Amino acid sequence: MKNLIRALLMMLLLAACGPGAEGPQGPAGKDGAQGATGAAGPTGAQGTAGAAGSTMTTSYLCMTDVATAGLLLMHKVYDYTDGSVLATCEVFMPQGTFTGLNLLKASQAGAATATCIVGADIDASVNGGYWVLYFNRATKASSATYKDPSSSANNMTVNLACTAAP
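Each position in the sequence shown, counted from 1, maps to that position plus 2 in my numbering.
Because the hints were derived from the structure by calculation, they are not lab data.
These numbers were taken from a predicted model, which means no experiment stands behind them.
Treat the hints with caution; some may be incorrect.
DMTMM-like, lysine to aspartate or glutamate: derived pairs with alpha carbons at most 25 Å apart [as the list claims (entries may be wrong)]: (1) Lys142 / Glu92; (2) Lys107 / Glu92; (3) Lys149 / Glu92; (4) Lys142 / Asp84.
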């Protein structure tokens, strides 16, 4: 009974004094699972219109038949309002058709002459021969030079007749 009285007195004493001081914070718990993705936001405002693009002003079609080599050369030149030029060149031979293309800004080397290079070996050596085609804006004519140091045709130059298209 003595023990019972002591326990009751302890409880009364604790109840009368109230709760004790708050203890230190415990360690952080583990992160929970990822939440669901929220709804998409509203569409943003329309941006301002961009600058107008360049348009083609003139085009030229230049061709020649090189009967001694059994091929046809074609050089197409497209001039644009911003001074840029698109030059395409093609070599038609019994071995196949070979095509080159250059798109040049007005400030780039080769733009003034609409330079176009196309790999097309014209002799049996097949060792990397190629044609370089140039357009002369003053005469509205084109020329093509074959490049292959090991070929007897190295530096052979032919002229191409050109016609302008609107």
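Quick rundown of the hints versus the structure:
1. Taken as a hint, the Lys142 and Glu92 pair is honoured in the structure, with Cα atoms around 18 Å apart against an allowance of 25 Å.
2. The hinted pair formed by Lys107 and Glu92 meets the criterion: a straight-line CA distance of about 21 Å does not exceed 25 Å.
3. The suggested pairing of Lys149 with Glu92 holds, with an alpha-carbon distance near 15 Å, which does not exceed 25 Å.
4. Between Lys142 and Asp84 the alpha-carbon distance is near 20 Å, which keeps this suggested pair within the 25 Å criterion.
Every hint, counting from the list given before, is met by this structure.
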